[in-house]
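Go by the hints and put chain B onto chain A.
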Amino acid sequence: MEILSAPSSVMRRIPTLLRAGALVLACLSPACVGTIGGSSEDQAAVQSIPERSAFPRLTHAQWENSVRDVLRLDAPPGFSASFTGDPLGGVFDNNEAVLSVTPNLWADYQRAAEELASLVVSDPAKVDALVPADEGQGNEARARAFIEAVGKRAYRRPLTAPEINQLVALFNEAPSLIDGDPFLAGVEHVLSALFQSPHFIYRVEGTRTPRPDGLIPLGPYERAARLSYLLWNTMPDDVLFEAAAAGELDTQEGLRTHAERMLADPQARDVVLAFHRQLFDFRKFEDLYKDPAVFPEFVPEIGKDLVREAELFVEDVVFEQEGGLTALLTSRTAFVNDRLAGIYEVDAPNGAEFGKVELDAEKRSGILTRAGFLAANGTARASDPIHRGVFVNLRVLCARLPPPPNNVPPLPPVEGKTTREIVASHTGKGTCGASCHGTLINPAGFAFENYDAIGRYRAEDNGFPVDAADAYPLGGGMASFSDALTWSQLLAESREANECFAKNWLEFAYGRDAEVEDAKFIAKLGEASRTGMSVKELLLELVSSDAFSTRRPVEVAQ
Amino acid sequence: MNRRHLLRGLFGVSLALPFLESFSPRKAEAGAGDVPPFAIFMRQANGVVQQTNDEPEMFWPSQTGALTTESMKAESDRAVSELSEYASRLLLVKGINFAFPGNGCGHSGGGNQCLTAQKVSTDPVGNESLAMGESIDNRIARELNAPGVEPLTLYAGKKAGYINEVLSYRDAKVIRAAEHNPINAYKALFGLSDLDPEVLKRLAAQRKSVNDLVREQMQSLMSRKELGKADRDRLDLHFQSIRDLEVGLQCALTKEEVAAMEVMSPDARANDNLEKVARMQMDIIALAMACGTTRAATIQIGDGNDSTEYYINGVRQKSFHKISHRIDSDGSEGPPIEGAYLLHHEIDRIHARMFKYLLDKLAAYDLGSGSLLDFGVAVWLNDLGNKYHSYTDVPYVLVGGANGYLKTGQYVDVNGVHNGRLLGTIGAALGCKNAAGGPLDDFGDPELPKGMLTEIIA
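Residue numbers (the UniProt record's numbering), protein chains in the order written: chain A, 1 to 558; chain B, 1 to 458.
Next up, chain A with everything else stripped away, as it sits in the complex (with noise of 0.2 angstroms):
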């Protein structure tokens, strides 16, 4: 869906910095650049964020956390494993642009409204932790508290006067409509249309006057699901809700100290693992095939154990070191099962458990040469350069690849010994694909050639020994390294993958595209990334932004 009536220099979107990348050979010209667009004069304020939708829909996710919250369940209800999917939007999956209320998932969520709604009554627990007692305040009275109660959760702020009344008629219609007690019919019917409600599918933000610099800033409820939303995935609890009433997040300041509160709560980890596993993509680790003849170790239970590494590690490196992109691509701590210490020639030091070890320093680094990245981008048999390399461009450094052409020329004849020669030799340096291939894709994927198609570490590729060196451009100049450890501290350090690390968190913190007027706030904050800023740190830069605070005045539908 395209916005209308937008002068086309503001609105113009950020090419899509992680959306190319299909793997043929390019036989293009155009410069291929990691750099992220944008501009550098100063903007009003209200041209230093981007419009956005009023009406985000909730995620699945959100769905089922919402749900518990509201309800005061133990656990989510697991109603929407059978929900509608939702295209793809990007990288992450709660992209606003394509979450929509399509006829099927309408009917999903009518579906699953009811049976809450029945399940709540017919458990009394369940309606007592909903419902005032009854201490002869009457039935009007009891049903009323209730609604504004739960209302209140269910719609994240106070209800109107209107929407009770409105919500108190549909409680005393119930009787008529449902068989067995009639107050209990009451509550399950309001339920059912609390659930169903926009008010509570999308988080709807209102509108209100700007202030003098254009923006308008979000009351204090939108602000308190914003960060709810952003940090555990969920709707404000009763602390949020408090702070609303009392103006806590009208501030920057008091945004951060609320953030700063829900950070060191464990459902931020949640979010936080989601945010890395979208990223470098673990769920493809699961799903992996390895030749048995080739790789007898490779067992079917081994994907699991490669995604449990995977966030065991980025839990250690946000909470435990609280650290950011360079220990996140330099740490060598690591956590190994029995299957996965052969892999990394470490002993398991709780056997079939999880324990914590350090890697040779000499062969591993950050998440980059851990075994679920090598062996997702690996073959059945052999290490896959390219596969690696156009990850590491996409989702490490955000460069442009620009699209390969549709029809792939035919081949030159397989020359050379190794991975890196038969890759080279069809897509390098001096051949039709040396724009792209040879000076991005190659390089970044070569730097991996010390691991075969499981992630274990070797000196020679068959027979003949590894070439990890290469060279990139970053800085405005060819970095060079000698292998994955080198690569991975040049990433560290440098400005283009902080930059990219600051954009794809305010993609997915944002739920939105990055748009070009994100530009000046992502080399900010690239910038503090670079300088050793924690992934901590950095969330709490993106709830005290305007960005995050305000909204920029719509342009009107024609």
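These are calculated hints, taken from the structure and not from any lab test.
Idealized CB from N, CA, C, for every residue including glycine.
Keep in mind that the hints are not guaranteed to be accurate.
Residues of chain A clear of chain B, computed beta-carbon distances all greater than 10 angstroms [what the hints assert, rightly or not]:
#	residue
1	Q47
2	D74
3	A75
4	P87
5	L88
6	A107
7	S331
8	R332
9	G342
10	A348
11	G355
12	T418
13	L490
14	K524
15	K536
16	P553
Beta-carbon label-pair distances, calculated as ranges [said to hold, decoys possible]:
#	chain 1	residue 1	chain 2	residue 2	range
17	B	Q51	A	R332	52 to 60 angstroms
18	A	R332	B	R243	56 to 64 angstroms
19	A	N462	B	A270	30 to 38 angstroms
20	A	A293	B	S265	29 to 37 angstroms
21	A	P175	B	Y357	28 to 36 angstroms
22	B	E216	A	P175	20 to 28 angstroms
23	B	S265	A	S482	44 to 52 angstroms
24	B	T68	A	A293	43 to 51 angstroms
25	A	A81	B	Y357	25 to 33 angstroms
26	B	E216	A	K520	40 to 48 angstroms
27	A	P124	B	D212	27 to 35 angstroms
28	A	A471	B	S220	53 to 61 angstroms
With a cut-off of at most 25 angstroms between alpha-carbon atoms, the simulated PhoX-like pairs for lysine-lysine come out as follows [as the list claims (entries may be wrong)]:
#	chain 1	residue 1	chain 2	residue 2
29	A	K417	B	K318
30	A	K304	B	K318
31	B	K318	A	K284
32	A	K152	B	K208
33	A	K304	B	K159
34	A	K284	B	K94
35	A	K290	B	K318
36	B	K407	B	K94
37	B	K159	A	K284
38	B	K450	B	K433
39	A	K290	B	K159
Below, chain B alone, put in the same frame as chain A:
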């Protein structure tokens, strides 16, 4: 009865009626013209083994013209011979091209065009590129279904994340999510099928009461002055999606079939379950058409550049995508796969047999005046032509005459016509109209030459 149990019961306990009895509402009185024609599209990825500069013809018959079961059986080395039983209802159409280039990825470019005949987006590009207009199943549903009734959009196989669903477009760049899990698809369509009519009436009243409130809330949000276009479109789609329950139709699969779907549910995306899932989805499609639930359905076999590892003679093969490139790589270089074209041909046959399963299901619904298959048209199509992933000679195999509109029992070579003309003609066969009220002769990008594909009209 407790509603929770009741709702649970919807999906657990199906009508214990014999298969053909379970869609009784239409069966009893169906006569010629009573069943509005429908269209079903099954997509195969990665092209087929048809004649190229260095590979033999293994897909089409050797001669154009009339098809008979005997003539097709005589050429058992051709993939379409799997369908010889349906010779008299077959319409093989060679010579269909995609009109527009892809944008950096042949697969997404082909997937985007095969049911839309539209250009491919420049942003996003590559494997994420999208079609610039609606697909024919959407057009059929929009024009011929009751308001708010979607085309059925199903999927069999893994979602690998490189390219997932490619077929059904609501509008330019707005792709419709495909349901990969049969039990979800079944519940969404027929979940209420075994409710007692009185209970159903009450449920309809409850839903109406909630829907009225929700519609009011939606209208209030939609009446905001400062709505951007994307938000207006989003709320419009949501508002149109709210439907009241219609009481009356009772359609269900057997208890055993539904139970098998429940069992399949956690592993519906697994590589090894693709063919089973495809057949379950086809059961649902056939039932949906028998019950008049929708007039258009799509089923996509495999992900965008189908990476399924199919079994041939009991042996799990390399990914179909690699086989289709004839090399052991998803890129452009890699060691050759020995006999890859023969493996590809076998995979073409696997698709032919899956398609035949759909035909068998449709044919099994005897409506008195003919089988369900004759009232509609089922299409087995591809989003690429051959091993070079070309956009020319993309195979379209039609079965069923859409209630006599299409001229079946023949193999035609239309010699280079854009696919919009074929898709439009299928739309016209079902009753879709152009802006002037004539038969749909301008489907697809407005730059394309207009006209019907007269060669296939009876």
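Hints versus structure:
Residue-level check passed: Q47 (chain A) sits 16 angstroms from the nearest beta carbon of chain B, beyond 10 angstroms. For D74 (chain A), the requirement that its beta carbon stay farther than 10 angstroms from each beta carbon of chain B is met, with the minimum near 18 angstroms. Distance check for A75 (chain A) against chain B: the nearest CB is about 17 angstroms away, which clears 10 angstroms, and the non-interface claim stands. With a least beta-carbon separation of about 5 angstroms from chain B, P87 (chain A) fails to lie farther than 10 angstroms from that chain, contradicting its non-interface assignment.
Not every CB of chain B is more than 10 angstroms from the CB of L88 (chain A) (nearest about 6 angstroms), against its label as outside the interface. Not every Cβ of chain B is farther than 10 angstroms from the Cβ of A107 (chain A); the closest lies at roughly 6 angstroms, contradicting the non-interface assignment. No Cβ of chain B approaches the Cβ of S331 (chain A) within 10 angstroms, the least distance being about 27 angstroms, so the stated non-interface status holds. Distance check for R332 (chain A) against chain B: the nearest CB is about 29 angstroms away, which clears 10 angstroms, and the non-interface claim stands.
Chain B leaves G342 (chain A) outside its interface by the beta-carbon criterion, the shortest separation being 25 angstroms against a cut-off of 10 angstroms. The beta carbon of A348 (chain A) is kept farther than 10 angstroms from every beta carbon of chain B, the shortest such distance being approximately 29 angstroms. With a cut of 10 angstroms on Cβ distances, G355 (chain A) stays outside the contact zone with chain B, its closest approach being about 30 angstroms. Remark: the non-interface label on T418 (chain A) is consistent with the geometry, its nearest Cβ contact in chain B lying 14 angstroms away (cut-off 10 angstroms).
Chain B leaves L490 (chain A) outside its interface by the beta-carbon criterion, the shortest separation being 25 angstroms against a cut-off of 10 angstroms. For K524 (chain A), the condition that its CB be more than 10 angstroms from all CB atoms of chain B holds, with the nearest at approximately 26 angstroms. Every C-beta of chain B lies more than 10 angstroms from that of K536 (chain A), the closest at about 28 angstroms, which supports listing it as non-interface. Here P553 (chain A) does not stay apart from chain B, with its beta-carbon only about 7 angstroms from theirs, under the 10 angstroms limit.
At about 56 angstroms, the beta-carbon gap between Q51 (chain B) and R332 (chain A) stays in the expected band of 52 to 60 angstroms. For the pair R332 (chain A) and R243 (chain B), the beta carbons lie near 57 angstroms from each other, so the given range of 56 to 64 angstroms is met. Our hint of 30 to 38 angstroms for N462 (chain A) and A270 (chain B) holds, since their Cβ atoms are close to 34 angstroms apart. Distance hint check for A293 (chain A) and S265 (chain B): the Cβ-Cβ separation is about 34 angstroms, which falls inside the suggested range of 29 to 37 angstroms.
Between P175 (chain A) and Y357 (chain B) the CB atoms are about 49 angstroms apart, so this pair departs from the stated range of 28 to 36 angstroms. Distance hint for E216 (chain B) and P175 (chain A): a CB-CB separation of about 22 angstroms, consistent with the stated range 20 to 28 angstroms. Checked against the given bound of 44 to 52 angstroms, the beta carbons of S265 (chain B) and S482 (chain A), roughly 50 angstroms apart, stay inside it. For T68 (chain B) and A293 (chain A), the hinted distance range of 43 to 51 angstroms is satisfied, since their beta carbons lie about 48 angstroms from each other.
Distance hint for A81 (chain A) and Y357 (chain B): a CB-CB separation of about 27 angstroms, consistent with the stated range 25 to 33 angstroms. For the pair E216 (chain B) and K520 (chain A), the supplied restraint of 40 to 48 angstroms holds, since their beta-carbon distance comes to about 43 angstroms. Separation of P124 (chain A) from D212 (chain B) is about 30 angstroms and conforms to the stated range, judged on CB atoms against 27 to 35 angstroms. A beta carbon spacing of about 60 angstroms between A471 (chain A) and S220 (chain B) agrees with the range 53 to 61 angstroms that was offered as a hint.
Between K417 (chain A) and K318 (chain B), the direct Cα distance comes to roughly 24 angstroms. Compliance with the 25 angstroms bound is thereby established for this hinted pair. With a C-alpha separation of about 22 angstroms, the suggested pair K304 (chain A) and K318 (chain B) falls inside the 25 angstroms cut-off, and the hint holds. Annotation: proposed proximity of K318 (chain B) to K284 (chain A) holds, straight-line Cα distance about 17 angstroms (limit 25 angstroms). Between K152 (chain A) and K208 (chain B) the alpha-carbon distance is near 24 angstroms, which keeps this suggested pair within the 25 angstroms criterion.
For the given pair, K304 (chain A) sits about 18 angstroms from K159 (chain B) by alpha-carbon distance, which is consistent with the 25 angstroms threshold. About 38 angstroms separates the Cα atoms of K284 (chain A) and K94 (chain B), which puts this hinted pair outside 25 angstroms; it is violated. Straight-line distance between C-alpha atoms of K290 (chain A) and K318 (chain B) comes to about 11 angstroms, which keeps the hinted pair within the 25 angstroms bound. Proximity of K407 (chain B) to K94 (chain B) is assessed by CA-CA distance (about 15 angstroms); at most 25 angstroms being required, the pair is judged to hold.
Distance restraint check for K159 (chain B) and K284 (chain A): the Cα-Cα separation of roughly 10 angstroms lies within the 25 angstroms cut-off, and the hinted pair is therefore satisfied. A threshold of 25 angstroms between alpha carbons decides the hint, and for K450 (chain B) with K433 (chain B) the separation of about 13 angstroms falls inside it, so the pair holds. Proposed proximity of K290 (chain A) and K159 (chain B) is supported: the alpha carbons are some 19 angstroms apart, at most 25 angstroms.
Checked against the numbered hints given earlier, this structure breaks hints 4, 5, 6, 16, 21, 34; the rest are met.
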